Amino acid sequence: MSATPVLALRGISKRFGAVQALTDVTLEIHPGEVVALVGDNGAGKSTLVKTISGVHPVDDGAIEWEGEAVRIAKPHDAQELGVATVYQDLALCDNLDVVANLFLGNETRTAGVLDEIAMEKRAKELLDTLSIRIPSVRIPVAALSGGQRQVVAIARALIGDPKIVILDEPTAALGVEQTAQVLDLVERLRERGLGVILISHNMADVQAVADRVAVLRLGRNNGVFPVEGTSHEEIIAAITGASDNAVTRRKARTDQVKKEAGA
Amino acid sequence: MSDLKKEPVAEKEPVAEAATEVTEAAEVTEATEAVETAGATETAPAAVDPRLLVREQGLAGYLNDFKRRVRGGELGSLPVIIGLIVIAIVFQLKNSSFLSADSLANIGVYTSGLGIMAVGIVFVLLLGEIDLSVGSVAGVGAAVWAVLSVTHGVNDNLALLIAIAVGIAIGALHGFFFAKIGVPAFVVTLAGFLGWSGLQIWMMGKEGSINTPSGSLVESLTGYYFEDKAAAYGLALVAVLAYAGSLLLDTKRRKAAALPARPLSEILLRTGVVAVISFAVAYVLNEPAGARGLPLALVLFLAVLVIADFVVRRTTYGRQIFAVGGNAEAARRAGINVNRIRISVFAISGMLAAFGGLFIASLSGGATKNLGSGNTLMNVIAAAVIGGTSLFGGRGKIWSALLGMLVIQSIQQGLNLLGMASEIQYMITGAVLLAAVVIDSVSRRTQKTAGRT
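Line order of the protein sequences matches chains A and B.
Under my numbering, the first residue of the first sequence carries the number 33, and numbering increases by one thereafter.
Under my numbering, the first residue of the second sequence carries the number 14, and numbering increases by one thereafter.
If you're looking for bench data, these hints aren't it; they were derived computationally from the structure.
It should be emphasised that the depicted structure is a prediction, and the values quoted were computed from it without experimental measurement.
Just to be clear, a hint being listed does not mean it is correct.
Dumping the calculated DSS-like pairs for lysine-lysine here, alpha-carbon to alpha-carbon at most 25 Å [unchecked claim]:
#1 A:Lys153 / B:Lys219
#2 B:Lys219 / B:Lys410
#3 A:Lys153 / A:Lys195
#4 A:Lys153 / B:Lys193
#5 B:Lys410 / B:Lys80
#6 A:Lys156 / A:Lys106
#7 A:Lys156 / B:Lys265
#8 A:Lys156 / B:Lys268
#9 B:Lys193 / A:Lys106
#10 A:Lys195 / A:Lys106
Quick partial rundown of chain A residues pointing at chain B, CB under 10 Å, derived from the structure [as the list claims (entries may be wrong)]:
#11 Ser85
#12 Gln111
#13 Asn127
Glycine included, C-beta positions come from ideal geometry on N, C-alpha and C.
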């Protein structure tokens with residue numbers, strides 16, 4: 033893991049009208065690292081992802097890319113930097129075929145003309161390496177099943193050789209085998225030295241592939257845990273805020289006192 | 014196998030036999046497995062997913078694929094082509110001069126102006142929007158040209174370019190209000206429809222009409238014919254060669270990339286159909302008595318069609334139009350500048366409307382107060398829809414402008430030949446439009462049940 037994070041968010045805030053969706057959120061992603069972003073519904077996970085991918089510009093705070101301050105005002109900025117996002121509501125065009133969707137916004141051209149053959153070839157290779165099976169790369173996405181659309185959406189994120197891939201609940205709509213495939217895929221991304229932000233409600237998935245778990249609660253950071261050495265319950269407690277009450281605070285204090293006494 | 018080796022020596026022979034049997038059996042299983050896995054890569058998805066589109070090689074595969082598409086509701090241009098054939102047969106039986114050179118050249122020339130406007134409408138329909146102002150913009154284009162060229166003595170070519178530029182500017186203005194301000198395109202262009210026809214009447218002044226000066230560029234738009242027979246045949250030959258060449262090149266590159274390619278028989282069939290159509294048209298334009306040769310209007314219309322089709326299918330810009338028409342939010346997230354696409358598409362519609370307006374002025378002998386009013390707008394939109402472009406965005410072909418306009422103009426020409434009154438023409442065109450939309454809706458429902466949209 034290199035010392036400079038590829039992406040660092042510092043003190044990010046975002047408001048929608050009267051709702052403070054994010055308050056002073058900090059997050060760092062290093063190359064070759066899978067960071068799981070967890071939190072209850074409405075904790076601000078999707079909003080945070082959308083600020084990184086340029087869908088919602090931040091109101092406040094700094095974004096650093098490989099140590100340099102950048103501004104991400106629109107989706108194109110994020111793409112230029114090398115952020116690829118797979119959204120929860122799959123951002124695919126139903127009327128376009130699989131190849132067109134994979135390369136949308138990033139088309140291969142020769143002399144200004146779409147190179148359909150190069151794109152189709154690359155699409156097939158990519159889908160093969162991810163062992164994704166779809167009926168044909170030339171049928172409209174509307175004709176695919178939900179799981180097939182999900183894998184197409186994930187494959188789409190990898191077309192532009194990104195440095196960071198954001199997966200917003202990639203396994204939520206998938207069956208057992210497809211989930212395993214997606215998790216394999218996440219590990220392959222890490223091996224290739226990409227930073228991965230994985231949003232998930234599924235703790236089993238998180239513990240299977242993530243290196244660190246960043247917890248958001250009510251739009252604020254609520255701890256970053258290494259996956260190794262952190263129990264399921266501790267993460268759940270951080271998500272729900274169950275650990276943050278008078279009893280636990282008292283326990284923490286008394287533990288501290290005991291430790292000092294022991295030492 | 015290790016178990017077998019432990020058998021007593023006395024039973025060596027049977028064991029050896031058994032062993033060979035086992036090995037053979039193993040080989041057979043391996044072979045079958047290999048066949049199965051090889052088959053699996055090709056056919057397994059078919060078993061999993063009945064919607065699989067695997068085209069078998071050869072012409073039979075092509076026919077099967079075609080049948081499956083038709084059954085699945087992907088009719089494409091089939092209803093329009095059948096409709097055109099029916100129209101031709103019916104009118105030819107009623108009046109033998111319908112398929113005469115003169116009549117067909119008329120259809121060609123009258124198709125051009127409105128057809129060019131219909132191409133603009135196809136662009137807008139691909140976005141899932143509508144442009145109600147094309148008739149008025151055509152009128153303004155013609156008026157700008159006439160006032161500049163005739164009244165103010167501006168150079169003819171310059172006046173023509175300014176007229177087209179005004180069309181672009183008007184379209185871009187519509188696009189701006191739609192994309193940036195968020196006014197529904199229906200309302201923006203409805204306001205444009207009223208406003209620009211007002212501007213047109215104001216510009217035309219008291220006389221109300223300005224005749225096309227003889228020898229001007231606009232007069233020759235629909236008045237000029239390439240009388241040399243080589244022109245029509247040469248164009249047909251170029252079209253066929255270019256078509257066959259592009260198919261062959263595509264197939265060669267696909268084979269080199271190990272992708273499924275069109276079989277040679279399909280290429281020959283397609284090229285044959287294109288060749289028959291183009292040379293038949295060229296023959297009718299050149300040979301029979303009264304034939305005047307290849308009309309310039311048709312050449313210009315075909316040029317617009319080819320360029321527009323190339324832009325829509327082969328460029329990033331065209332891909333982005335489809336994407337915005339299919340799912341604007343997905344397009345935005347893919348980094349496409351949705352506003353730029355919307356504004357530019359309306360500008361294209363305005364440009365082609367103004368260009369088409371000059372054709373109409375050329376046909377009617379000059380710019381008038383009410384050029385482009387009446388049923389121009391409805392005919393243009395009807396042509397795009399009859400041709401098979403969806404009203405809901407993201408699906409359609411540029412060539413639908415040609416097919417739809419041919420249907421409308423053939424009906425009008427046929428009814429004119431039969432001496433029918435224009436009210437009957439309106440009713441029949443209305444019925445055809447309704448039939449086209451009914452076919453579209455029914456086929457879309459079939460497509461839904463077949464898992465396609």
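If you take the shortest Cβ to Cβ gap from serine 85 (chain A) to chain B, is it below 10 Å?
It holds, given that the least Cβ distance between serine 85 (chain A) and chain B is near 7 Å, below 10 Å.
Is it true that the CA of lysine 153 (chain A) sits at most 25 Å from the CA of lysine 195 (chain A)?
Holds. Lysine 153 (chain A) to lysine 195 (chain A) sits at ~23 Å (cutoff 25 Å).
Identify whether the interface hint at asparagine 127 (chain A) stands, where standing means a beta carbon of chain B within less than 10 Å of its own.
4 Å, holds
Sort out whether lysine 80 (chain B) lies within 25 Å of lysine 410 (chain B), counting only the CA atoms.
21 Å, holds
Can glutamine 111 (chain A) be said to touch chain B, with a Cβ gap under 10 Å?
5 Å, holds
Please work out if lysine 156 (chain A) and lysine 106 (chain A) have their alpha carbons no farther apart than 25 Å.
Outside the cut-off at roughly 30 Å; violated.
Lysine 153 (chain A) and lysine 219 (chain B) were given as a pair; does the straight-line alpha-carbon distance stay at or below 25 Å?
64 Å, violated
If you draw a straight line from the CA of lysine 193 (chain B) to the CA of lysine 106 (chain A), is it 25 Å or shorter?
Distance of about 16 Å is within 25 Å: holds.
Given the hinted pair lysine 195 (chain A) and lysine 106 (chain A), is their alpha-carbon gap at most 25 Å?
18 Å, holds
25 Å Cα cutoff - pair lysine 219 (chain B), lysine 410 (chain B)
42 Å, violated
Could you grab the alpha-carbon distance between lysine 156 (chain A) and lysine 265 (chain B) and see if it respects the 25 Å cut-off?
18 Å, holds
Given the hinted pair lysine 156 (chain A) and lysine 268 (chain B), is their alpha-carbon gap at most 25 Å?
14 Å, holds
Consistency with the previously given hints fails for numbers 1, 2, 4, 6, ordered from lowest to highest.
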